[in-house]
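Student: First to last, the sequence lines map onto chains B and F. The first sequence begins at 1 in our numbering and counts up by one. The second sequence begins at 1 in our numbering and counts up by one.
Treat the hints as calculated values from the structure; they're not laboratory data. As the structure is a computational prediction, the values presented were derived from the model and not from experiment. Hints are supplied without guarantee of correctness; some may be wrong.
Only part of the chain F face toward chain B is listed, based on derived beta-carbon distances under 10 Å [unchecked claim]:
id, residue
1, Thr-94
2, Thr-98
3, Asp-100
4, Thr-102
5, Arg-106
6, Leu-130
7, Pro-131
8, Pro-132
9, Ala-134
10, Leu-136
11, Thr-138
12, Ala-139
13, Leu-140
14, Ser-141
The beta carbon of each residue, even a glycine, is placed where N, CA and C say it ideally should be.
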Amino acid sequence: MTSLPITDPSRHAVYTGRTTSWPMVATTCVAALFVVLMGKESNGAWGDLVFVVPLILVAIGILANILTASSVRATAGPNGFTIRWGLFGWPRCSYRLDEIEHAEVIDLPLWRVSYSLWWTPRRTNCTVRSGPTVRLSMRNGRIVTVTVPEPAAAVAALREASAAAPDADTV
Amino acid sequence: MPVPGPPMLEENSSRALAGLVAQGTGRHALAARCVVSNGPPTPQAYGIDTSFRDPSSNNVRTQRVPHRKALTRGWPEPRRPLTNCVYGASINGTMRWTIDLTSRERLQDQIVACVRRGVASGELPVGEQLPPAAELGTALSVDRNTVLAAYRQLRDDGVLEFRRGRGARVVSEAPALSSVTEAAQKLIATAREHGLGTNDLIRIIKELT
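So here's chain F without its partners, still in its complex pose (with noise of 0.2 Å):
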């Protein structure tokens, strides 16, 4: 019988991302995700991935930092999610929208596609609200009635519901990526085969779309 590998818990959220900055050592940290660890109890278990520009080679780079709690208190190999050692509230409703102000693409169909992501991701699970079409708008520099539109267009294809007094809810869980991946994954060999790299990929890609 095959002896399985320490498990690894991704979360998006903890109380070990408190020290993000702490760790980031000033650099211009873009991004961060914290990864615990449920393998030997060593300081490298709980960590953060943080994302930086890198100025001489101006490419962006992950590095995981150590949290500084588990440095210097020497904390023992985790036996729950971190997030439930937040006391007080629930954590719910997070989600990055990103949308291109210069693309060709309408920006109804952006959002349309950022709300899909979130959903495949997880970010926004089934009964999750969204938020209200007013201050999403004001956000995202677009007009309110084109984020109303994105989001009659989900409920047309059973994304979302509109209920009276409770605003926008996710109520279905999107089809899985797998069929993307899949066809992704061909591309790939097929680019491959013909001596296109990713740069090349990514910049048809964005020229078909």
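Bound conformation, chain B alone (with noise of 0.2 Å):
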């Protein structure tokens, strides 16, 4: 048994993770690999643009795929949490401590993953692995799924800010 010290106040305590989607960076590489693969085995037709149209959309596409989905970097602390997707962290989303009104680790079932930023309008899902996964629950009543390397760790920051937060209710 360890115990750990009392939370001061004045401190001010931020969990940050980054987890990396290799299936997805593999998958985007195989995709494209077909497509070029695709095109020599046309013979000829890279001059034609109902061929090569098509081609460049998919290849916008999976280069698109590779800078926002192979990745995904949380931020959890005072300033509620952060979410953002790839190499120049964009998507983002954003959402205020205030505005959180429960946070809790789920266990993430393989077949629930989304693997990629899936959007309703009651939901949002940033998982790119099965297992641990930090669970948001907002007070407009949204529900965000986020995959993060310690969700408990996560959890923790977010419950510490909130009871450091002088008019925060419990996360």
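The task is to assemble the complex, starting from two chains supplied on their own in separate frames and drawing on the hints.
Tutor: If you want it as structure tokens, here you go:
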């Protein structure tokens, strides 16, 4: 048994985590290879706009997928919970501490993983793997599920920040 | 030949952490650490050390909560770290930053200390990428240039390296903390001789720093 020191209200504790989706990167690279091989097999169709334009669109989609869906960076602390995707940190979702009603760690099954940013009117899923995952219940009813390397540490940082905030309810 | 005891494997992240809040019984959990034992296959072999504040004494206590699946399914003795049971992505780049905005110590130095602690504890292995300065500055409520100054100081000390397009990465392992531990043990022994307790020591250190 170990005991932690009593939380200092003046302390500013922030959790940062990054999860890289290597299956997504590998799948996208295989898809890109498939597109290139398909172009080579077409024998002289490279100059045909009917073929080239969809190919370029597919290539742009693959590039965008690599740049945005390859990794998830999450930050939890007194400034709330922020999710950034990909190399450039975009798309980005930020949730202030007073917007979060409840934070918990759930066990995400493999068939519930979105492997990308999945947005619906009631849910936001940013999951790239199964297993322990942070789930935020927002005050507006939205459910946010995010893959974080150490979800318990992220939830603990949110709760510590909430406890230190004078006017915040319990997360 | 001495018979070694059952090995204990402590993980910071694993599937068993999923039961943290479910097992937290509504208390204010401050931190949690998953403990997986390779000893006898008892339900307590899979557990979560949950720290919470005791409302009666206002102290922080830690309690090991058995994992719910271990209780219901009777998990056998673990053969490998449960982290490997997570499918779909690699787990990397996790770090806890703690700074004191009211401290007399410069914010830049506090960030440097955070990185050094992370490297020393293994949270930041060699090759690990640190968060971008702007993101970390926003999260810590400090200026981006303060984080950049801390990163530059660590680069000058040989802890980090900057690469175009790859951000700041850890390049060297921190020296072992054994010397600090030895000095702390000497300090504690000296304090005991003078009749000082733990709280007195902490107060003196806070006053000095």
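Student: If a hint holds in the structure, say so; if it does not, say that too.
Tutor: We went through each hint and held it up to the structure:
| no. | hint | in the structure |
| --- | --- | --- |
| 1 | Thr-94 | 4 Å, holds |
| 2 | Thr-98 | 5 Å, holds |
| 3 | Asp-100 | 5 Å, holds |
| 4 | Thr-102 | 4 Å, holds |
| 5 | Arg-106 | 14 Å, violated |
| 6 | Leu-130 | 9 Å, holds |
| 7 | Pro-131 | 5 Å, holds |
| 8 | Pro-132 | 7 Å, holds |
| 9 | Ala-134 | 9 Å, holds |
| 10 | Leu-136 | 7 Å, holds |
| 11 | Thr-138 | 7 Å, holds |
| 12 | Ala-139 | 4 Å, holds |
| 13 | Leu-140 | 6 Å, holds |
| 14 | Ser-141 | 7 Å, holds |
Consistency with the previously given hints fails for number 5 only.
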